[in-house]
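Modelling step: build the complete structure from the supplied sequences, incorporating the hints.
Going left to right, the sequence shown walks through residues 28 to 595 as this note's numbering numbers them.
Heads up, a few of these hints could be off.
What follows is a list of derived Cβ distance ranges for each label pair [unchecked claim]:
1. GLY342 <-> GLN397: 54 to 64 angstroms
2. PHE278 <-> ARG535: 25 to 35 angstroms
3. VAL488 <-> SER525: 43 to 53 angstroms
4. PHE458 <-> LEU582: 27 to 37 angstroms
5. ASP141 <-> TYR395: 10 to 20 angstroms
6. VAL488 <-> LYS528: 14 to 24 angstroms
7. LEU582 <-> LEU121: 16 to 26 angstroms
8. PRO557 <-> HIS492: 46 to 56 angstroms
9. TYR395 <-> LYS528: 19 to 29 angstroms
10. ARG535 <-> ALA579: 17 to 27 angstroms
11. LEU202 <-> SER589: 48 to 58 angstroms
12. ASP487 <-> TYR359: 30 to 40 angstroms
13. GLU260 <-> PHE578: 23 to 33 angstroms
14. ILE232 <-> TRP521: 43 to 53 angstroms
Hints were generated in silico from the structure; no laboratory data involved. For each residue, glycine too, the CB sits at the ideal point set by N, CA and C.
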Amino acid sequence: MNAENILFTLASCSFFMGLVAWISWRKTRGSVDDRDGYFLAGRGLGSVFIAGSLLLTNLSAEQLIGLNGSAYGHNLSSMGWEVTAAIATIAMALIFLPRYLAGAFTTLPQFLNDRFDADVRRLSVLLFMLGYGLVTIPSVLYSGSIAVMELFDIQALTGLAYFPALFTTVVAIGLIGAIYAIFGGLKAVAVSDTVNGIGLLIIGILVPVLGLVALGDGNFTEGLQKLLNDHPEKLNAIGSPSDPTPFGTLFTGMLFANLFYWCTNQYVIQRTLGAASLAEGQKGVLFSGFFKILVPFLMMIPGVIAFHLYGPGLGSIDQAYPRLIKDVMPIYLSGFFLAVLLGAVFSSFNSLLNSAATLFALDIYAPYRQDKADDAQLIRVAKIASVVIALFSFVVAPLLYFAEAGLWQIIRVFTGFYNIPTVVIVIVGLFTSRVPALGAKLVIVFHVTAYALLRFALDDVVTIHFLHQYAILFVIEVGIMLAVGRWKPRKQAWQFSSNKKVDLTPWRFARPLAVTLFSCVVAIYLLFSPIGLASTDGMTSLFYGLLVALFAVNLVVWFAASRQQSSF
Numbered sequence: 028m029n030a031e032n033i034l035f036t037l038a039s040c041s042f043f044m045g046l047v048a049w050i051s052w053r054k055t056r057g058s059v060d061d062r063d064g065y066f067l068a069g070r071g072l073g074s075v076f077i078a079g080s081l082l083l084t085n086l087s088a089e090q091l092i093g094l095n096g097s098a099y100g101h102n103l104s105s106m107g108w109e110v111t112a113a114i115a116t117i118a119m120a121l122i123f124l125p126r127y128l129a130g131a132f133t134t135l136p137q138f139l140n141d142r143f144d145a146d147v148r149r150l151s152v153l154l155f156m157l158g159y160g161l162v163t164i165p166s167v168l169y170s171g172s173i174a175v176m177e178l179f180d181i182q183a184l185t186g187l188a189y190f191p192a193l194f195t196t197v198v199a200i201g202l203i204g205a206i207y208a209i210f211g212g213l214k215a216v217a218v219s220d221t222v223n224g225i226g227l228l229i230i231g232i233l234v235p236v237l238g239l240v241a242l243g244d245g246n247f248t249e250g251l252q253k254l255l256n257d258h259p260e261k262l263n264a265i266g267s268p269s270d271p272t273p274f275g276t277l278f279t280g281m282l283f284a285n286l287f288y289w290c291t292n293q294y295v296i297q298r299t300l301g302a303a304s305l306a307e308g309q310k311g312v313l314f315s316g317f318f319k320i321l322v323p324f325l326m327m328i329p330g331v332i333a334f335h336l337y338g339p340g341l342g343s344i345d346q347a348y349p350r351l352i353k354d355v356m357p358i359y360l361s362g363f364f365l366a367v368l369l370g371a372v373f374s375s376f377n378s379l380l381n382s383a384a385t386l387f388a389l390d391i392y393a394p395y396r397q398d399k400a401d402d403a404q405l406i407r408v409a410k411i412a413s414v415v416i417a418l419f420s421f422v423v424a425p426l427l428y429f430a431e432a433g434l435w436q437i438i439r440v441f442t443g444f445y446n447i448p449t450v451v452i453v454i455v456g457l458f459t460s461r462v463p464a465l466g467a468k469l470v471i472v473f474h475v476t477a478y479a480l481l482r483f484a485l486d487d488v489v490t491i492h493f494l495h496q497y498a499i500l501f502v503i504e505v506g507i508m509l510a511v512g513r514w515k516p517r518k519q520a521w522q523f524s525s526n527k528k529v530d531l532t533p534w535r536f537a538r539p540l541a542v543t544l545f546s547c548v549v550a551i552y553l554l555f556s557p558i559g560l561a562s563t564d565g566m567t568s569l570f571y572g573l574l575v576a577l578f579a580v581n582l583v584v585w586f587a588a589s590r591q592q593s594s595f
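Shown next, in the form of structure tokens:
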């Protein structure tokens, strides 16, 4: 970029970011003065803001680069992490969310306190806070900053050496993201996420279209033909044991990893807990599931296009998306793209920051004060906690540069310490009434010990894929809790205490739409399989037959749902 292009990019980026900030301010002013307003957006989030915020919270710069890099270097098997998440959103909408909203919980540890005891609450908060503060928040800042530096050559723009440029980028991104979380609360996060989500969808559609035009030497149709006919194996999502995501893992550990992320992870579910009603929450969660279905088209097909354009000769698979962006993105859209990329990074960062501050204020400070702190004190403590956590992350994030080789291993290992026991405790807690707090405590101790042995001491001996290990541990830990429930059951059966603060009438189309969403997951895998686009002989008759069967099932389900509604 020359100086004129740099100035244009920065000016247009500032304009779009300023527009997002102005919209967020307009939507949130005067609405964050009390506890529910700050932590749960006044329990007034509609389906559009819930879906938009869930989308942007989940998708960030590392997905843009990582998923496209995986498609470039391998195939579409890694789409399993995104597409199968739609199934977890169904579980959240139909099973978990009705119970969370009925209890008017602000945090997951509050539910665990209600179901088990204060010690289980403290243990869960400890795991979440350690995970967020030491690994997740700094890694989001670090990976987002790396993405921005790779795509826009921040070193050349600033004239700084690599590490000072990295530190400057981390602090700049962190400061702007923290402003939303600290001063605007959850509603500002949700509003800014939604606006940035619209931008991400525009860019997500534009990049593969421009890539196909480039692949077809200016002709979109010719580019599409090359994509479909040359190297069809790149369009295969049925991963083999040697692929990044083996197909079998979709039915074992990935199922539980997605359940944790979409149904029990505080920084994801917090915007659903702020829903204006159960119906709005269900709409938002299910709509976000349909966005996950689009991820292969928006965030992996560009990687396949890069393979057709450049061949396998790039130095690193992670260079595929940045190279494609530099080659096909018009200069007049560079500022908009930078604003969208930064918005995706801000979303993950400020959502984590907001949720960490919420956990500290409501699950550490409030119990310490024996729930005598008023709303103003809780909000002030949350803001102070946000500042401290943000400053701490500014220090830790750049230091990950010196341990870069182990960054992703650190993230994977630490997440594995608390995702499966959290899912186990919540599921058993929801669907049993006699399992005592002792069962939850034993599961936490067992999992931390067993997982540490599997990942460190026995890593070279146990060669089972880590996602399969998740499933094995899940089964064992459910067994432990049920055994403790038989051995030392609660003297008095736990009863759910309803404390509803919003309308809990379910959305009438939730169940049929869930069937359609599940059908879309199946259809996507049929499309990107050896009987679909990955076939060397074109789509087979089996593919079309199965699609017709899926369509027929949906017709029956929606017809039955409409008949049921009309009978009331």
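Status of each hint after checking the structure:
Take GLY342 and GLN397: their Cβ atoms lie about 58 angstroms apart, and the range 54 to 64 angstroms holds. Separated by about 31 angstroms at the C-beta atoms, PHE278 and ARG535 satisfy the suggested range of 25 to 35 angstroms. Range check, VAL488 to SER525: about 49 angstroms between beta-carbon atoms, so the 43 to 53 angstroms window is met. Between PHE458 and LEU582 the beta carbons are some 32 angstroms apart, a value that agrees with the proposed interval 27 to 37 angstroms.
Between ASP141 and TYR395 the beta carbons are some 18 angstroms apart, a value that agrees with the proposed interval 10 to 20 angstroms. Separation of VAL488 from LYS528 is about 51 angstroms and departs from the stated range, judged on CB atoms against 14 to 24 angstroms. The hinted window of 16 to 26 angstroms between LEU582 and LEU121 holds, with their beta carbons roughly 21 angstroms apart. Range check, PRO557 to HIS492: about 22 angstroms between beta-carbon atoms, so the 46 to 56 angstroms window is missed.
For the hinted restraint 19 to 29 angstroms between TYR395 and LYS528, the CB-CB distance of approximately 25 angstroms keeps it satisfied. Against the hinted window of 17 to 27 angstroms, the Cβ-Cβ separation of ARG535 and ALA579 comes to about 22 angstroms, which satisfies the hint. Taking the beta carbon of each, LEU202 and SER589 are about 51 angstroms apart, inside 48 to 58 angstroms as hinted. Restraint check, ASP487 to TYR359: a C-beta distance of roughly 53 angstroms breaks the suggested window 30 to 40 angstroms.
Between GLU260 and PHE578, the C-beta spacing of about 28 angstroms keeps the proposed range 23 to 33 angstroms intact. Checked against the given bound of 43 to 53 angstroms, the beta carbons of ILE232 and TRP521, roughly 48 angstroms apart, stay inside it.
Comparing the model with each numbered hint stated earlier shows that hints 6, 8 and 12 do not hold.
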